[in-house]
Amino acid sequence: MGPLLFLIFINDLEDNTTGSVLKFADDKDFFRQVRDTRDNMRMQIDLDKLVEWAEKWQMQFNASKCKVMYVGKKSPRFFL
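According to the numbering used here, the sequence shown is numbered sequentially starting from 4.
FYI, nobody ran anything at the bench for these hints, they're computed from the structure.
Model, not experiment: these values are computed from the prediction.
Some clues are possibly wrong.
As the list claims (entries may be wrong) - Restricting the straight-line Cα-Cα distance to at most 20 Å, the calculated cross-link-like pairs of lysine-lysine (PhoX-like) are:
{"no.": "1", "residue 1": "LYS68", "residue 2": "LYS26"}
{"no.": "2", "residue 1": "LYS31", "residue 2": "LYS68"}
{"no.": "3", "residue 1": "LYS31", "residue 2": "LYS52"}
{"no.": "4", "residue 1": "LYS26", "residue 2": "LYS70"}
{"no.": "5", "residue 1": "LYS70", "residue 2": "LYS31"}
{"no.": "6", "residue 1": "LYS70", "residue 2": "LYS52"}
Based on the provided sequences and hints, a complete structural model is requested.
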């Protein structure tokens, strides 16, 4: 698949999500600020939508490039 076709192919990846996206070439960073349990649930819903997209288009995410980043001295970590 050529680079242009690939970029068109993944153009709708973040549709129907509420997080933010940074795009560069064939790379996309999906992120959101998580301050409480509600934000955590929204993030999980967005991640589930990304997984559904990947399954629909038979694509895989590069798990080695997927990371969680915590910022700040008192970054809360919420677990459900």
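Please work out if LYS68 and LYS26 have their alpha carbons no farther apart than 20 Å.
-> holds (14 Å)
Starting from LYS70, check that the Cα of LYS52 is at most 20 Å away, please.
-> Judged against 20 Å, a Cα distance of about 17 Å means the pair holds.
Decide if the proposed pair is consistent with the structure: LYS31 and LYS52, CA atoms, cutoff 20 Å inclusive.
-> Answer holds: LYS31 to LYS52 is near 15 Å, not above 20 Å.
Is it true that the CA of LYS31 sits at most 20 Å from the CA of LYS68?
-> The given pair, whose Cα atoms are some 11 Å apart, holds under the 20 Å limit.
Is it true that the CA of LYS26 sits at most 20 Å from the CA of LYS70?
-> holds (16 Å)
Is it true that the CA of LYS70 sits at most 20 Å from the CA of LYS31?
-> holds (12 Å)
In summary, this structure violates none of the numbered hints.
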